[in-house]
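First to last, the protein sequences are chains A and B.
Residue numbering for the first sequence is 0 to 191, as defined by numbering that gives the first Met the number 0.
Residue numbering for the second sequence is 0 to 462, as defined by numbering that gives the first Met the number 0.
The set of hints was computed from the structure by calculation and includes no laboratory data.
If you're wondering where the values come from, they're calculated on a predicted model, not measured in any experiment.
Mixed in with the good hints there might be a few duds.
[Said to hold, decoys possible] For lysine to aspartate or glutamate, the following EDC-like pairs were computed, each having C-alpha atoms within a straight-line distance of at most 20 Å:
1. B:K38 / A:E41
2. B:K202 / A:E64
3. B:K38 / A:E177
4. B:K38 / A:D44
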Amino acid sequence: MSAREEILAKVRRAVAGAPETSVPRGYRMSNQVSDLVGLFAERVDDYRAVVHVVPAAEVPGRLAELVGERRMIVPEGLPADWPRGIGGTSVAELDAADGVLTGCAVAIAETGTIVLDTGPGQGRRAQTLVPDYHLCVVRADQIVSGVPEAVARLDPARPLTWISGPSATSDIELNRVEGVHGPRTLEVVIST
Amino acid sequence: MSSTFLGMPGSFPKNAAKAVQNSQLRYNLRKATHTIRGKRANVVGELPDWQELRAAGKAIKDETLRHLDRYLVQMEEAVTRAGGHVHWARDADEANRIVGELIKATGETEVVKVKSMATQEIGLNEALAAQGVTAYETDLAELIVQLGDDFPSHILVPAIHRNRAEIREIFLDKMEKVPEGLTDEPRALAEAARLHLRERFLKSKVAISGANFMVAETGTLVVLESEGNGRMCLTLPETLISVVGIEKLLPAWRDLEVFLQLLPRSSTGERMNPYTSMWTGSVEGQDFHLVLLDNGRTDVLADEVGRQALRCIRCSACLNVCPVYERAGGHAYGSVYPGPIGAILTPQLRGMSSELDASLPYASSLCGACFEACPVAIDIPEVLVDLRAKVRHKPAERAGMRVAGWILNDQVRLAKAQRLATRFRKLVPKRLPGPLSAWTDTRDLPDIPEESFRDWWERNERA
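With the hints as constraints, model all of the structure from the sequences given.
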């Protein structure tokens, strides 16, 4: 008998006659949050990321200021009036870049989380991983209150990366150190 | 389970007795467990619906286990449809062989690894070394453990038993390129690890991971992490091999809405961990292999009481609240799964034939703090008591219990025994002799009264 058949047969024997269950979903599907942008900004800031709340019309200008002289990876699909970047998908090119500028797929206020799904303006996964600086623009209408709404909005067929602050470790005496292998600086622009 | 731990001698009481003599270890453990405990309490307290999430988490896992055969097949179909390859492994040897062959097919002799309990359980690194493949751990704590030629002592923070000075020594001793003037500041040590691993991440062709969750409905794997080493391993290499225990399944995509709230808050005490990666089959041109691991899990599933241990999502909240773990530390449990969950999982996965494994169900005061902290409501004390009844006791102990049972089962016999004890009460010593002294070394023998309650009652009823 193959391993597959044997494991499945053992499972069937083990659970034969076990009681059926039903899942109680009494938890909150969404939260009453009066100021989604404010809560999201506060929670992202808690992770020691840098947060700016900027009116939509001023976003291109603010991005140009923030990017400055940096040589940025800028994936396709972002507005034409945002800073131009360099291309680059090979690991060496990404490693040589100063940072990456992206949009996002959805953001969660309660947990201060940004989710990327490699859609337009978000690039491949490596592009938001290898460069040391990640500048991410979140539109106010992309912010949901809690985790359940975010899960419902996402497409599991796409590779997803959930980002809550810069990379961090607490492995040495539980002292939190920001910036290990992922981008050491996360800067978030919330476009309102 | 892990070949790493097969040689671990002794029993839990012996290991613990040794561990509690180490005051540095006890200081580190107390500081660490109390810190995480406090953080967890804060972020759990923020959610008004924590108990509802917990109830849903428990029920989703029970549903998964009830129809595990169906969900495994569904997972296999979904992964295959998305261009991935699925392999099945009955035990550690079979899983290690499959992974070894997959690596061999790539022609590589070095692989990078994301922290994974399943691969530690099967002793994958050692098995690969025997096949000429070097596996590099990339999680900072796992790196400290691997470089220090040491054992992990906590599920979430495996190097919890090491302080910064010890870690600096290990780095100076074992790393090829150490930044000049390395201090023992955590920031400096993390930077040293970044430099040490950076080049390896960028050039590695094969990575090995576990997974926190697999979604049967969609074929999606989920890995939660903090440092970005996980993303490096999951994203950059051309080949990704994930070894995942069969109980890690969730039936539906929406079930993640529960577990992505339960796990980070229970585990690191954060609202959300820095990075979570999700992928379905082969993505961005990567060759993806999923190895589904049994290794004793179907035996655990067959036990009506013990099967709830398979709900475990490896958050380690139970370790951080356990008074026994806080004092004895992780190594005393002689397994990759320490603490309360280890005390019920290890004996079930490995059986209770060794002295160590038979002692684990007793590594608890049954205070129940673990049950309360568990995000999927595993009644650990219930399983501990059930396992204690199944441990094979020594012949003298069994004979003693049989005699006690014979007496206590019959009120005439009990009354006679009580009167006999009363008559000779002056002769009963405070400390028992011989092997029985093991009992009275740590507790007083109760005083025998002049008259039993039954006799007193009888006398006063008559009067």
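Results for each hint:
1. B:K38 / A:E41: It holds: about 18 Å lies between the C-alpha atoms, which stays within 20 Å.
2. B:K202 / A:E64: violated (34 Å)
3. B:K38 / A:E177: holds (17 Å)
4. B:K38 / A:D44: holds (17 Å)
The structure does not agree with numbered hint 2 stated previously, though it agrees with all others.
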